[in-house]
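Using the sequences plus the hints, can you model the full thing?
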Amino acid sequence: MDSRIRVFTGHFGSGKTEISINYALKLSKQGKKVAIADLDIVNPYFCTRDEAKMLKENGIRVIATSKDLANAELGVIPSETVSVFNDKSYDVVLDVGGDDQGAVALGQYNRYFKEEDYDMYFVINTTRPFTNNIEGIIEYIKDIEAASRLKVKYLINNTNLSYETDINHIVKGQKIIKEVSNITNIPIRYVTVMEDLVDKLPDSIEGEILPLKLFMIPPWRRFDA
Amino acid sequence: MADKVLMKGNEAIGEAAIQAGCQCFFGYPITPQTEVAAYMSRRMPKVGRVFLQAESEVAAINMVYGAAGSGVRVMTSSSSPGISLKQEGISYIAGAELPCVIINIVRGGPGLGGIQPAQSDYFQATKGGGHGDYRLVVYAPSSVQEMVDLVQEAFDVADIYRNPVMVMGDGMLGQMMEPVEFKERSSRQIPSKDGWATTGLRGRKEHHIINSLFLKPEELEMHNEKLRKKYAEIEEKEVKYEMYNCDGDLDLVIVSYGTISRICKNVVKMLAKEGLKIGLIRPITLWPFPKKAFEEVVDRTKYGFLSVELSCGQMVEDVKLAVNGRKPVSFFGRSGGMVPSPTEIANKVKKIVGGAR
Chain Z
1 MDSRIRVFTG HFGSGKTEIS INYALKLSKQ GKKVAIADLD IVNPYFCTRD EAKMLKENGI
61 RVIATSKDLA NAELGVIPSE TVSVFNDKSY DVVLDVGGDD QGAVALGQYN RYFKEEDYDM
121 YFVINTTRPF TNNIEGIIEY IKDIEAASRL KVKYLINNTN LSYETDINHI VKGQKIIKEV
181 SNITNIPIRY VTVMEDLVDK LPDSIEGEIL PLKLFMIPPW RRFDA
Chain P
1 MADKVLMKGN EAIGEAAIQA GCQCFFGYPI TPQTEVAAYM SRRMPKVGRV FLQAESEVAA
61 INMVYGAAGS GVRVMTSSSS PGISLKQEGI SYIAGAELPC VIINIVRGGP GLGGIQPAQS
121 DYFQATKGGG HGDYRLVVYA PSSVQEMVDL VQEAFDVADI YRNPVMVMGD GMLGQMMEPV
181 EFKERSSRQI PSKDGWATTG LRGRKEHHII NSLFLKPEEL EMHNEKLRKK YAEIEEKEVK
241 YEMYNCDGDL DLVIVSYGTI SRICKNVVKM LAKEGLKIGL IRPITLWPFP KKAFEEVVDR
301 TKYGFLSVEL SCGQMVEDVK LAVNGRKPVS FFGRSGGMVP SPTEIANKVK KIVGGAR
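Residue numbers (our numbering), protein chains in the order written: chain Z, 1 to 225; chain P, 1 to 357.
No wet-lab data here; the hints were simulated from the structure.
If you're wondering where the values come from, they're calculated on a predicted model, not measured in any experiment.
Hints may contain errors.
Below are the DSS-like pairs computed for lysine-lysine, each with C-alpha atoms no more than 25 Å apart in a straight line [what the hints assert, rightly or not]:
no.: 1; chain 1: Z; residue 1: Lys142; chain 2: P; residue 2: Lys46
no.: 2; chain 1: P; residue 1: Lys237; chain 2: Z; residue 2: Lys172
no.: 3; chain 1: Z; residue 1: Lys53; chain 2: Z; residue 2: Lys213
no.: 4; chain 1: P; residue 1: Lys4; chain 2: Z; residue 2: Lys175
no.: 5; chain 1: Z; residue 1: Lys213; chain 2: Z; residue 2: Lys56
no.: 6; chain 1: P; residue 1: Lys183; chain 2: P; residue 2: Lys216
no.: 7; chain 1: P; residue 1: Lys4; chain 2: Z; residue 2: Lys178
no.: 8; chain 1: P; residue 1: Lys127; chain 2: P; residue 2: Lys351
no.: 9; chain 1: P; residue 1: Lys237; chain 2: P; residue 2: Lys351
no.: 10; chain 1: P; residue 1: Lys4; chain 2: Z; residue 2: Lys200
no.: 11; chain 1: Z; residue 1: Lys33; chain 2: Z; residue 2: Lys67
no.: 12; chain 1: P; residue 1: Lys291; chain 2: P; residue 2: Lys273
no.: 13; chain 1: Z; residue 1: Lys172; chain 2: P; residue 2: Lys183
no.: 14; chain 1: Z; residue 1: Lys114; chain 2: Z; residue 2: Lys175
no.: 15; chain 1: Z; residue 1: Lys213; chain 2: Z; residue 2: Lys26
no.: 16; chain 1: P; residue 1: Lys302; chain 2: P; residue 2: Lys273
no.: 17; chain 1: P; residue 1: Lys4; chain 2: Z; residue 2: Lys213
no.: 18; chain 1: Z; residue 1: Lys178; chain 2: Z; residue 2: Lys200
no.: 19; chain 1: Z; residue 1: Lys32; chain 2: Z; residue 2: Lys56
Chain P is faced by these chain Z residues, among others (derived, beta-carbon under 10 Å) [as the list claims (entries may be wrong)]:
no.: 20; residue: Phe12
no.: 21; residue: Glu73
no.: 22; residue: Asp99
no.: 23; residue: Leu161
no.: 24; residue: Phe215
no.: 25; residue: Ile217
no.: 26; residue: Trp220
no.: 27; residue: Arg222
All C-beta atoms in this analysis are idealised placements derived from N, C-alpha and C, irrespective of residue type, glycine included.
Structure representation (C-alpha cells):
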C-alpha cells in the first residue's frame, strides 16, 4: 500500500514539479484530502507555487512561500510545512528542488520520516545530459539519498523531449532506467506520458502509466494562436 | 546527427561554450543565471579546463581579461546588477582589443530590481555600459537552440574582431527548457593569435604587451580611430535579424527581440485572423542594429512601427533612428518581470491601426 507521504526528488529539470502537480490532482480526484508542499529552494521560475490558484480551486491545500517572498533570491520554506506530518488526515505530496542541493531541504524533517513511513520517488528523464546513462543516474540517486537522509523507494520514468517527445524517447529511457532498477533493486513505479500519447505505449512496459497534463509552460505556448 | 537533449537555457549556454572550445570560465552566482556557473563547475573539470568561482563579479571579469590576453577562449556570465559591476573590466578588454564572451541573463532593474525576466539592459549592452568609445557585439537569441548557436558564433566573432561579444537573454530564456541539438559546425576563419597573445617570448626579443593606456593624445586618437573602423566593418558584416510575415503591403510592423518576440509572433497570427497584415522584425544582433530590415518595409508599412519590449522603452530609440521620421514609431512595454499577454499587445496594435478590418 502507498504511504501517506510522497516525496518527489530527482535531478534538476527532471520534471518533479509537473509530476507533483499531476499526482496531487490525481489523488484529489480519488476523493482524498490532499496537501502539496513546494520545497523547491533551487528554482526561481516554473514552480508549484505558480499554480497555487489552480490547485486550490481543485480543493488541494498548497503550502508554499507566500507571494511576497516567492521571488526572493534565497528560497524560503514556510514553517507551516511541518503540519503535514502532524495532521495525518492529509495525503501529502512534497515537491523537492533538484539535485542534492534541493534535497537538503528535506533534512530538517528527518525525525518525522523516522516516525512514519514515506514513499520517495526518484524522477528520471534520460534526455537530460547528466542522467542519460546508468552511472549518471545512480550517482544522482546516491547524492540525493545522502543529502536528504532518506531512501528512494521507487523510480519514475519521465523521459521526454518537451514538445518534441515521441514514444521512442520513452521506450529508450525505459531501457536505461530498467538497468538502473536491476542494479539498485529499486522498482519502476510510474511511466509518465502526455495524455495524447497514452495509447501508443507498449502494453508490456513496466510500471503504471501516469498521464500528464503540462502546467510549466512559457507564455507563448500558453496563449498559442 | 547527435541526439537532441532537453536543456535549460542556462545549461545550454555552458555546453555550447564548451563545444566552442572555451578553455576558462570565471563567474559569480546570481539569479537567474546561476545554472550557467553550476553547469560549468560540473563539466569544465571533467574536460580538463578551468572553472573558477571568483570572489566577485569584478574579480571574474578581470580574470577574463587576463585569460583573454593569453589568447584562450574565455567566458563569464552574470545577470544585470552583476554585469554593471563588470563594466570597467569590459571597457578595458575592449580597449586592449581582446576577445571574450559575456553572458547577461537579464532580470528586472534598476538597482537590485527583481529576479523575473526583463529586457531593461538594452541601453547598457548596446550604448556602452562602460566608459570610452567602444562597442560590444550583442546577440539576442529567442530560443534555447538559438542560444546555443549564437554562443558558438559569439566566440568566433570575438576572435575575428578581437572584441568582447555579449549574448543577452532574459531570465525566461535562461530558465526554460527546450530540446536542443549541438550540431557539427564549421568554425569561421579565425585569425592567428600569435602576433599579440601573451604566451611567453618564444625566441622573440619584443614582449607582447596587453594595454589600454595611451598617454599621448595623438596615439589614443589613432587607437580610437582604429576601433571606429573595426566597428564600421562589424556593422557592415555582422548584422543578423529575422523578418516574419513581412511580404507585401503591411498595416504595421512589430519590432521585438528575445523571448517576447515569440509572443509577438502569436499576435501576428491572431491579428491575421482579424484581417490585419502585421509583420515582425526580430533583431538578432542588437548591436549592430539591423537598420536594413527597416529599409525593406518602411515604404509599404501603412501605420508604422511598434516596438514591444520588456522594458520602459529602450530599443524604441534605435527603431526611431532606423525609421528616421518616415513613419510613426510607437512603443508598448511591460517591466519589472511582468510579461504581456498576446491580447494586450494586439489591443495596442488595433489602437494604432484603428480596429480590425
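Consistency of the hints with the structure:
For the suggested pair Z/Lys142 and P/Lys46, the alpha carbons sit about 20 Å apart, so the restraint of at most 25 Å is met. For a cut-off of 25 Å, the pair hint linking P/Lys237 to Z/Lys172 is broken: about 44 Å separates their Cα positions. Restraint check for Z/Lys53 and Z/Lys213: satisfied, since their Cα atoms lie roughly 16 Å apart, inside the 25 Å limit. Restraint check for P/Lys4 and Z/Lys175: satisfied, since their Cα atoms lie roughly 18 Å apart, inside the 25 Å limit.
For the hint linking Z/Lys213 to Z/Lys56, the alpha-carbon distance of about 17 Å falls within 25 Å, and the restraint holds. Pair hint P/Lys183 plus P/Lys216 does not hold up; C-alpha atoms about 48 Å apart against a cutoff of 25 Å. At most 25 Å may separate the alpha-carbon atoms for a hinted pair to count; P/Lys4 and Z/Lys178 meet this at roughly 21 Å. In summary, the hint linking P/Lys127 to P/Lys351 is not supported, as the alpha carbons are separated by about 31 Å, beyond the 25 Å threshold.
With a C-alpha separation of about 37 Å, the suggested pairing of P/Lys237 with P/Lys351 is violated against the 25 Å cut-off. The hinted pair formed by P/Lys4 and Z/Lys200 meets the criterion: a straight-line CA distance of about 21 Å does not exceed 25 Å. For the hint linking Z/Lys33 to Z/Lys67, the alpha-carbon distance of about 24 Å falls within 25 Å, and the restraint holds. For the hint linking P/Lys291 to P/Lys273, the alpha-carbon distance of about 29 Å lies beyond 25 Å, and the restraint is violated.
For the hint linking Z/Lys172 to P/Lys183, the alpha-carbon distance of about 22 Å falls within 25 Å, and the restraint holds. Among the hinted pairs, Z/Lys114 with Z/Lys175 is inconsistent with the structure: their alpha-carbon atoms are about 33 Å apart, more than 25 Å. Using a Cα cut-off of 25 Å, the hinted pair Z/Lys213 and Z/Lys26 holds, with the two alpha carbons roughly 11 Å apart. Distance hint between P/Lys302 and P/Lys273 is fulfilled; the C-alpha atoms sit about 19 Å from each other, no more than 25 Å.
Of the pairs offered as hints, the one joining P/Lys4 and Z/Lys213 holds, with about 23 Å between alpha carbons and a cut-off of 25 Å not exceeded. At roughly 19 Å between alpha-carbon atoms, Z/Lys178 and Z/Lys200 fall within 25 Å of each other, so this suggested pair holds. A distance of roughly 14 Å separates the Cα atoms of Z/Lys32 and Z/Lys56; the hinted pair therefore holds under the 25 Å criterion. At its closest, the beta carbon of Z/Phe12 sits 8 Å from a beta carbon of chain P; the interface hint therefore holds under the 10 Å criterion.
Because the smallest distance between the Cβ of Z/Glu73 and any Cβ of chain P comes to about 5 Å, under 10 Å, the interface hint for this residue holds. With a cut of 10 Å, the hint placing Z/Asp99 at the interface with chain P holds, because the nearest CB-to-CB distance is about 9 Å. For Z/Leu161, the interface hint holds, the least distance from its beta-carbon to any beta-carbon of chain P being 5 Å, beneath 10 Å. Violation of the interface hint for Z/Phe215 is found here, the shortest Cβ-Cβ separation to chain P being roughly 13 Å, above the 10 Å cut-off.
The closest approach between the C-beta of Z/Ile217 and any C-beta of chain P is roughly 9 Å, which is under the 10 Å cut-off, so the hint is satisfied. A hinted interface residue such as Z/Trp220 counts as satisfied when its beta carbon comes closer than 10 Å to some beta carbon of chain P; here the least separation is about 4 Å, so the hint holds. Interface hint at Z/Arg222: satisfied, since its Cβ lies 8 Å from the closest Cβ of chain P, which is below the 10 Å cut-off.
Of the numbered hints given earlier, the model fails hints 2, 6, 8, 9, 12, 14 and 24; all others are met.
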